[in-house]
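In the working numbering, the protein residues as written are -5 to 392.
Keep in mind that a hint or two might mislead.
Taking CB as the label site, the calculated pair distances span [to be verified]:
(1) Thr101 / Gly191: 19 to 25 Å
(2) Gln151 / Asp243: 36 to 42 Å
(3) Pro92 / Lys250: 58 to 64 Å
(4) Pro354 / Lys250: 17 to 23 Å
(5) Ile232 / Lys156: 41 to 47 Å
(6) Asn42 / Val238: 40 to 46 Å
(7) Gly235 / Lys209: 17 to 23 Å
(8) Phe162 / Thr69: 18 to 24 Å
Derived pair list, reagent style DMTMM-like, types lysine to aspartate or glutamate, alpha-carbon separation capped at 25 Å [to be verified]:
(9) Lys84 / Glu51
(10) Lys219 / Asp71
(11) Lys200 / Glu180
(12) Lys98 / Glu150
(13) Lys155 / Glu103
(14) Lys74 / Glu229
(15) Lys200 / Asp243
(16) Lys98 / Glu246
(17) Lys74 / Glu246
(18) Lys156 / Asp112
(19) Lys74 / Asp112
(20) Lys209 / Glu99
(21) Lys130 / Glu62
(22) Lys156 / Glu103
(23) Lys84 / Asp178
(24) Lys200 / Asp57
(25) Lys41 / Glu182
(26) Lys84 / Glu103
(27) Lys230 / Glu246
(28) Lys200 / Glu225
(29) Lys209 / Asp57
(30) Lys230 / Glu210
(31) Lys155 / Asp202
(32) Lys130 / Glu103
(33) Lys230 / Glu103
(34) Lys155 / Asp243
(35) Lys130 / Glu99
(36) Lys98 / Glu210
(37) Lys179 / Asp131
(38) Lys219 / Glu83
(39) Lys41 / Asp57
(40) Lys219 / Asp57
Hints are computed from structural coordinates only; laboratory data are not their basis.
Computed from a predicted model, the values in this text were never measured in an experiment.
Think of the CB as a built atom: it goes at the ideal place given N, C-alpha and C, for glycine as much as any other residue.
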Amino acid sequence: MRLLDLFHLSLENFKSRKSRIIFTVLGVAVGIGAILFLVSLGFGLQKNLLEKITTEESLLTLDIAPTETKIISLTPDTLKEISKIPEVEKVSPQAIFPAQVTWKEITSETTLNLVNPDFFNLTGTLPNLGRSFTQKDTQKVVVNSSVAELFNLSPEQFLGKKLRFTLFLRESEELPEIEIFRVDKEFEVIGIFQEQGASPQVYLKKDDLKELSIKEYQFAKVKVKTSDQMEKVREKLISMGFMVSALSDTIEQANKIFNIIQIVLGIFGVIALIVAAIGLVNTMTITLLERTNEIGIMRAIGASPSDIKWLFLGESAITGFLGGVGGIGIGIGVGQIFNVVINILARTLGGQSINLFYYPFWFILFIILLSTLVGLIAGFWPARRAAKLNPLRALRYK
C-alpha cells in the first residue's frame, strides 16, 4: 500500500471519529503546552537576566585589581605594560575618589569614578534611564539613582540636571594630608542606573578632568581579543600579581543553574505529556476493537500486516503532530496571558514591564518532533496488535 493511500485512510478514519480524535489531540496538546509554558518561562528568565547583567564585550573582559599586599599597583606605566600583551585588545582603568556633589545650593557626599567611554560596555551594564558615554561627549555625567535621592528627586526628574564636584585627593594611603580639588565646570546628567539602596556613585569621563594627574587606579578592565585567549591572559595577569575575575565565570554558573531549572520545569511538563500519551494508547486500543472487522476486510483484499501496522502508527503519529501544533498554540497563548497579568502587577507596583517568555525556534521544532514521536510510541502497541490479527477471526468479530 502506498504511503499516500495510508495517509488518506488515516484522515478518513479521523473524519468518522471526530469528537474522540479532538479530545485525544487536546489531551496531547495540554501536555505539550505545559512543557512549552514551563520551559519557555525558564528560557525567558535566563534571557532577561543575562541581558541585564551583560553585554557582548563584557564576556571577553577580565576585571583586575591590586592584591591587599600591594605587590603591584595599577599605575599608568603598568597599564601600558598590560596593553602590550598580544592577546589584549584594550584596557579601561577606573579611578575612585571620595567627593562632594552639588546641585544648585545643595551639597552631599558621593563617590566619584573616573572612567573611559567604553567602561559600561566592558562592565556589562547600561543605564536604565538615559544613555552612557560616547567618545564625543564632554562634561557629561552618569549616576545611580541614589544620587537623585540625595536631592529628593526621582530619576526621571534628575535626568538633565547640571552638577558640580569637589574631589578629595590623597598622595598615598600612608600620608594623611588631603588635597581639595574643585572642578570648575558643570556636568549634565545623561544616564541613571536604578540601584535601590546602593551608595551614591558618580561616573565622569577621564578626559573631562585632564588637569587631574592620576597616579594610581583602583581597578581596570582588560578586554581580550577572543574567548579562546581568556585563560592565557588571565594566567599572565595573575603572574604579574593582580587579582583577576571575569563576568563570564558568573554567566557560566548562572547558565548551569538555569539549565537545571529548565530541566526541573520540563519534568513537570513531561508528567502531563505521559498522562496524555496514556490517553492516546487507550484511544488507539478502542479504535482497534471498533475496526477489527474493517481490518479483516483489508487483509482479505490484499493488505499486508505491515500495511495495517503503518496505518495505525500513521494515525497515532498524526494525532501526536496535531497535539504538538495545538500545544504550541496553548503554551504561547497561556504564556502571553500570564505575561500581561504579571506586567500589569509590575507597573502597578512601580516596576518595569518585561517579557517573561522566550521561544527559541529550535525548541518549537523540538516540541513538534517530540509530540510526533510520543504519538508513534503510544501507537506502537495497538499497531502491533492490529498487524497480528488473524484475518478470518477479524471478519467474524462482533
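Taking the hints in turn, this is what the structure says about them:
no. : hint                        : result
1   : Thr101 / Gly191: 19 to 25 Å : 22 Å, holds
2   : Gln151 / Asp243: 36 to 42 Å : 38 Å, holds
3   : Pro92 / Lys250: 58 to 64 Å  : 39 Å, violated
4   : Pro354 / Lys250: 17 to 23 Å : 18 Å, holds
5   : Ile232 / Lys156: 41 to 47 Å : 43 Å, holds
6   : Asn42 / Val238: 40 to 46 Å  : 28 Å, violated
7   : Gly235 / Lys209: 17 to 23 Å : 18 Å, holds
8   : Phe162 / Thr69: 18 to 24 Å  : 20 Å, holds
9   : Lys84 / Glu51               : 11 Å, holds
10  : Lys219 / Asp71              : 21 Å, holds
11  : Lys200 / Glu180             : 15 Å, holds
12  : Lys98 / Glu150              : 18 Å, holds
13  : Lys155 / Glu103             : 17 Å, holds
14  : Lys74 / Glu229              : 18 Å, holds
15  : Lys200 / Asp243             : 28 Å, violated
16  : Lys98 / Glu246              : 46 Å, violated
17  : Lys74 / Glu246              : 30 Å, violated
18  : Lys156 / Asp112             : 23 Å, holds
19  : Lys74 / Asp112              : 17 Å, holds
20  : Lys209 / Glu99              : 32 Å, violated
21  : Lys130 / Glu62              : 37 Å, violated
22  : Lys156 / Glu103             : 16 Å, holds
23  : Lys84 / Asp178              : 31 Å, violated
24  : Lys200 / Asp57              : 18 Å, holds
25  : Lys41 / Glu182              : 33 Å, violated
26  : Lys84 / Glu103              : 32 Å, violated
27  : Lys230 / Glu246             : 22 Å, holds
28  : Lys200 / Glu225             : 29 Å, violated
29  : Lys209 / Asp57              : 19 Å, holds
30  : Lys230 / Glu210             : 21 Å, holds
31  : Lys155 / Asp202             : 17 Å, holds
32  : Lys130 / Glu103             : 28 Å, violated
33  : Lys230 / Glu103             : 38 Å, violated
34  : Lys155 / Asp243             : 37 Å, violated
35  : Lys130 / Glu99              : 29 Å, violated
36  : Lys98 / Glu210              : 32 Å, violated
37  : Lys179 / Asp131             : 14 Å, holds
38  : Lys219 / Glu83              : 5 Å, holds
39  : Lys41 / Asp57               : 23 Å, holds
40  : Lys219 / Asp57              : 15 Å, holds
In summary, the structure is inconsistent with hints 3, 6, 15, 16, 17, 20, 21, 23, 25, 26, 28, 32, 33, 34, 35 and 36 from the numbered list given earlier, while agreeing with the others.
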